[in-house]
Each structure stands twice: as structure tokens, then as C-alpha cells.
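Asker: What follows is the residue order along each chain.
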Amino acid sequence: MSNEFPEQFVRWDTFSSALWYRTRAARYRLEGTRCGHCGEKFFPPRTGLICPVCHERCMEPYSCAQQGEIVIAALDDVGFPAVGYGDAMPRVQAIVRLDDGIHVMVDILQVADPTEVQPGRRVSMILRKHKREDTGAWVYGFGFVLNR
Amino acid sequence: MGKINRRVMMVGGTITPPGIPMDWTWRQMAAEVFWKALKDVNIPIKNVDLVACNYNDRAIADSSPGPQIADALGILPKPVVPIANACAGNGIASYVAWNAIASGRCDVVVSMGFARSDNYDAMEAMNTQGNYVDFDYMMGMTHINYGSMRDAYYRRKYDVPIAAAGQWAYQCNWYARRNPLAANYNKPMPVLDELCADTPEADRDRQATNRGGVASAMIFVGEELAKHYTDKPVLFDVAYAFRPPYIGNFFNYPVDSMKDYDLAELPGLMEAAREAYGIAGIQKEDVDLVQVHDLTGYEGMMAIEAIGVCGLGQGKDYVLSGGMSLESHCPINTYGGGPAFGHGSAGSDFQAGVLENFWQITGQAGERQVKNARVGVNTSYGTHHSLDVVGVVQKGW
Numbered sequence: 001m002s003n004e005f006p007e008q009f010v011r012w013d014t015f016s017s018a019l020w021y022r023t024r025a026a027r028y029r030l031e032g033t034r035c036g037h038c039g040e041k042f043f044p045p046r047t048g049l050i051c052p053v054c055h056e057r058c059m060e061p062y063s064c065a066q067q068g069e070i071v072i073a074a075l076d077d078v079g080f081p082a083v084g085y086g087d088a089m090p091r092v093q094a095i096v097r098l099d100d101g102i103h104v105m106v107d108i109l110q111v112a113d114p115t116e117v118q119p120g121r122r123v124s125m126i127l128r129k130h131k132r133e134d135t136g137a138w139v140y141g142f143g144f145v146l147n148r
Numbered sequence: 001m002g003k004i005n006r007r008v009m010m011v012g013g014t015i016t017p018p019g020i021p022m023d024w025t026w027r028q029m030a031a032e033v034f035w036k037a038l039k040d041v042n043i044p045i046k047n048v049d050l051v052a053c054n055y056n057d058r059a060i061a062d063s064s065p066g067p068q069i070a071d072a073l074g075i076l077p078k079p080v081v082p083i084a085n086a087c088a089g090n091g092i093a094s095y096v097a098w099n100a101i102a103s104g105r106c107d108v109v110v111s112m113g114f115a116r117s118d119n120y121d122a123m124e125a126m127n128t129q130g131n132y133v134d135f136d137y138m139m140g141m142t143h144i145n146y147g148s149m150r151d152a153y154y155r156r157k158y159d160v161p162i163a164a165a166g167q168w169a170y171q172c173n174w175y176a177r178r179n180p181l182a183a184n185y186n187k188p189m190p191v192l193d194e195l196c197a198d199t200p201e202a203d204r205d206r207q208a209t210n211r212g213g214v215a216s217a218m219i220f221v222g223e224e225l226a227k228h229y230t231d232k233p234v235l236f237d238v239a240y241a242f243r244p245p246y247i248g249n250f251f252n253y254p255v256d257s258m259k260d261y262d263l264a265e266l267p268g269l270m271e272a273a274r275e276a277y278g279i280a281g282i283q284k285e286d287v288d289l290v291q292v293h294d295l296t297g298y299e300g301m302m303a304i305e306a307i308g309v310c311g312l313g314q315g316k317d318y319v320l321s322g323g324m325s326l327e328s329h330c331p332i333n334t335y336g337g338g339p340a341f342g343h344g345s346a347g348s349d350f351q352a353g354v355l356e357n358f359w360q361i362t363g364q365a366g367e368r369q370v371k372n373a374r375v376g377v378n379t380s381y382g383t384h385h386s387l388d389v390v391g392v393v394q395k396g397w
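Quick mapping for you: the protein sequence lines, in order, are chains H and S.
Numbering of the first sequence is given in this note's numbering, commencing with residue 1 and proceeding in unit increments.
Numbering of the second sequence is given in this note's numbering, commencing with residue 1 and proceeding in unit increments.
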């Protein structure tokens with residue numbers, strides 16, 4: 001393992017690049033889906049799936065709101081982070097209610113003082129570098145920052 | 001709902017004690033409980049019509065586990081239904097067993113499960129995976145983070161003090177000192193004030209104890225056959241329900257039974273309880289004791305609210321007023337709960353509650369015996385309540 005690639009490389013519970021590829025629109029742009037029949041919005045996207053409200057099957061891409069407010073926050077400091085996230089502990093995580101009513105669980109980034117992250121605080125989505133997968137590729141996806 | 005042809009009765013069952021030998025394979029664990037459960041009630045292996053077995057797919061790497069389990073148990077060519085549905089998956093196995101008997105297709109069915117998570121080198125990582133892995137674990141959110149978020153939200157919404165979770169853990173430990181099968185049976189009793197402290201150490205002490213490798217088995221038969229095997233059979237019923245697996249969708253999901261609830265309630269458990277109570281022919285007021293699957297006290301309080309022991313948000317009052325104790329009209333977690341009996345995943349998280357209620361109702365619970373217990377309810381969940389199960393056992397005759 002070199003200094004250039006300090007993260008753990010070899011593990012047998014690995015996720016493939018193909019799996020990451022399939023979820024790219026949702027991870028990069030917070031793209032969910034909306035039912036073309038009843039209009040209900042969903043995240044994670046239900047592409048090709050059946051609507052649980054009207055039971056039709058006509059989901060179309062939907063761009064989720066990229067601003068919202070914190071519903072609840074918690075500090076991740078228990079020592080069992082997801083693989084690839086151990087160098088950034090402790091992390092501040094939150095459930096955010098987007099302005100269109102969709103809820104997501106996210107990292108709150110660029111936090112100087114965790115006590116700043118309180119219910120009701122406004123936040124905005126950013127695209128962030130997450131971690132390096134064992135293919136060597138960096139994984140990107142959404143995160144949120146406090147509005148200043 | 002279709003026609004139920006006969007009632008289902010439980011005639012026995014067993015669970016491995018804490019600290020099983022390190023060299024036991026998952027096959028040996030499964031064989032141990034299957035063998036012992038049948039021997040205890042003198043049922044020949046050849047009389048078993050079906051086995052429904054839950055396993056944790058993070059714990060074994062063998063593909064097609066059905067024939068492998070059947071081979072380990074020596075019942076080939078009879079069928080095994082393998083089920084991998086997280087910690088509460090034995091609730092589904094028991095549902096399969098129940099249906100096989102209630103329909104009349106089978107007479108004797110064994111519902112069992114095992115967990116041998118240290119088969120994986122990467123256990124620490126795998127055990128923290130999320131529910132909807134693409135959008136939680138793969139983006140840095142784990143199973144444990146889900147739990148922390150749920151507890152924080154429940155506490156905030158219903159103004160639940162840490163003391164209620166401390167009291168919950170204390171009472172679980174009190175029962176565990178009276179249950180030789182509990183992980184904490186021989187350990188020093190914790191101090192209540194220390195359990196109620198607002199520190200990271202106390203928070204860990206209030207959470208579930210890891211039970212390690214564990215397996216268990218329960219035997220169900222048709223009601224007209226029960227008298228051949230025991231003079232103390234109990235009626236058994238079970239139901240389960242699902243909820244969307246992504247934590248964001250716990251908030252007002254647009255389906256009738258869920259849209260009025262959020263992360264602080266368990267509508268899947270409410271749904272499962274409604275069905276289980278209906279099949280069992282009981283009302284919530286009939287319940288004499290309850291065992292819940294709880295990784296934290298907050299989660300335990302949410303569970304007793306969902307099954308009707310108390311109203312939503314009133315779990316803290318029930319616990320702080322002594323509702324869990326033997327003197328209560330409905331004691332909670334006499335088996336020791338997650339904090340003290342221990343978290344056994346597929347190996348025991350549903351089964352431990354059913355077995356405890358079975359032993360309570362048949363008068364075999366020793367120092368933790370609930371007087372005149374006739375109806376016991378237990379709950380279990382998988383992947384943070386995207387699966388919720390309710391079991392009901394009642395005095396047979």
C-alpha cells in the first residue's frame with residue numbers, strides 16, 4: 001500500500017464500479033423519480049419500479065430540491081464507520097427535509113463546531129469526493145453544508 | 001385472508017447458551033439446537049415434515065443453503081425453506097412454519113435460525129452496513145448511524161429523558177441475572193445512576209450486548225397432535241409487515257398505514273400487531289407480558305408503544321413508573337432484552353422472545369416467573385424496522 005493510495009484495497013465484500021455507475025444520477029445530482037400517473041415523488045429513485053400509491057409503472061426522472069433544513073442531527077463517533085470513511089471521524093450526520101418534502105440522510109460537511117448543526121438550520125447540497133473504491137476510482141456524490 | 005384450517009401449537013424449543021465453542025461451524029450450531037429441541041419432547045427426526053431456517057447472509061458464504069441445512073440436520077430429502085431477512089428473519093421462518101401447519105399440509109415443523117458472523121474477516125464492516133446500501137452505506141451511512149439518528153429523533157419528538165433508557169437497561173440487566181441463558185447472567189449488576197449518565201460510556205452500556213454465535217429452534221405442531229408430545233402446549237401465532245428500507249422514507253411515506261408516522265414511530269410493527277392479535281383472538285388488554293427486540297431502550301419504548309402496551313410517546317412514563325418490573329400488570333423483557341440477554345441476530349432475536357414467553361406461560365421461568373401468565377407477546381425487527389414481526393403465545397389448556 002503506497003502513500004498515494006492509503007485506503008484499504010483488498011477486501012472481498014467489495015462493491016463494483018458497475019454498481020456505482022448505475023446510481024450516478026442520484027448520487028451526483030440528487031435525481032429521484034416522480035410517478036407519471038399520480039405525481040408522487042420519491043428518493044431513492046424508483047426507476048422501472050411500481051408506484052406504491054397508485055400501483056402504476058410509469059416513473060420518470062425528477063430533480064429533487066437541493067436546499068432544505070435539518071430535521072435531526074447526530075454525531076458519528078462510535079468507531080464503526082462505513083469502510084473508507086474512517087479518516088474523517090467524528091462526522092456530523094443529519095436527516096434533511098428538502099424543500100420539496102423529500103427526506104435524505106447525509107453528511108453535513110465543512111463543520112467547524114458540531115453544535116452548529118441543529119434542527120431547523122438551512123442547508124444546501126454540494127457535490128463531494130466521498131472515498132476511493134478498491135478499483136482505485138474516486139467515488140463522488142452528494143453531501144450538504146450549512147447555509148451561512 | 002384465507003381460511004385457517006387448524007390452530008398451531010408450540011411444544012418445545014431451545015437456544016444455545018452464551019459462549020458456544022469457537023470451533024463449532026454454523027452447521028454444528030444448527031444441528032445442536034435441532035437435535036436438542038426434538039429430543040426434549042421425544043419427537044423422532046423422521047416425523048419432521050419441514051424446517052424453516054433463518055440465517056444471516058453476512059454470516060455464511062455457501063450458496064444454496066437449503067440443501068446444506070437439510071444435509072446438516074440429516075433430514076434429506078425433506079424440504080428446508082432458507083430465509084435471509086436480517087435479525088428478525090426467524091419471524092418469517094416461523095410464519096412459514098405456521099402456514100404449513102395451519103393449512104394442514106404439515107404436522108410437525110421446526111422453525112430455527114443461526115448466526116455465525118465471525119465467519120467473515122470483514123465482520124466489523126459488514127455488520128454496520130445499512131438498509132438501502134446504494135444510498136446509505138455506500139455513501140458513508142451505516143446501520144449504527146441509522147440507530148443513532150432514530151434515537152435522537154424519538155428523544156426530541158417525545159421529550160424522552162436519558163433516565164428512561166437507563167432504567168430500561170437496568171431492568172433488563174435485573175432480569176438477566178435471573179436467566180442463565182442471558183449473556184450478562186454472571187456479570188456484575190450495573191449501577192442505575194451510572195446507566196443514566198449523559199456520557200459516551202453510559203450510552204454504550206445502555207445499548208445491546210453482542211451475543212456472538214448463537215442458534216435456536218422451536219417446534220410447532222397441529223393442535224390435535226400437541227397432546228402426544230407435551231402436557232403444556234401453547235398456542236402460537238405470528239404476523240409481520242414491511243416498511244420502506246431507506247431511512248428518509250420513514251417520514252410520512254404515502255401509503256395509508258404509514259403516512260401519519262415518521263421516524264419516531266413503528267407503523268410496520270403496529271400493522272403486524274393488528275394482524276397477529278386478530279389471528280390469536282386477543283386484545284391488547286389481554287397481554288400479560290411482553291418481550292421486545294431492543295438494541296437501545298429508546299427503541300424498546302417505541303416497540304411497546306407500537307403494540308399497545310402504552311400510547312405513542314408514553315413509553316418513558318411506563319418505564320419510569322416501574323412498568324417493566326415483575327410487579328407490573330405487563331412486565332417487559334423478562335428474558336433480559338438486547339442490553340443483557342444479548343443481540344443474537346438471525347440466531348435468536350425473534351426466537352428468544354418466543355421461547356421466553358413459552359417458558360413463562362408453561363411456568364418454567366424460575367426467579368423471573370410472571371404470576372398467572374397466559375398471553376405473551378414478542379416483537380422483533382430487521383434492518384431498522386423495515387421488517388417488523390409480532391409473535392403471540394397463549395396458554396393452550
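Source of the hints: derived by calculation from the structure; they are not laboratory data.
Certain hints may be false.
Stated by the list, open to error - FRET-style restraints, in silico, Cβ to Cβ:
no.	chain 1	residue 1	chain 2	residue 2	range
1	S	D193	H	S63	47 to 55 Å
2	H	G136	S	L320	28 to 36 Å
3	S	N47	H	D87	54 to 62 Å
4	S	L312	H	R57	52 to 60 Å
5	S	R204	H	D87	32 to 40 Å
No experiment lies behind these values; they were computed from the predicted model shown.
For every residue, glycine included, the Cβ atom is placed at its ideal position computed from N, Cα and C.
Asker: Hint by hint, which ones does the structure fall short of?
Answerer: 2, 4, 5
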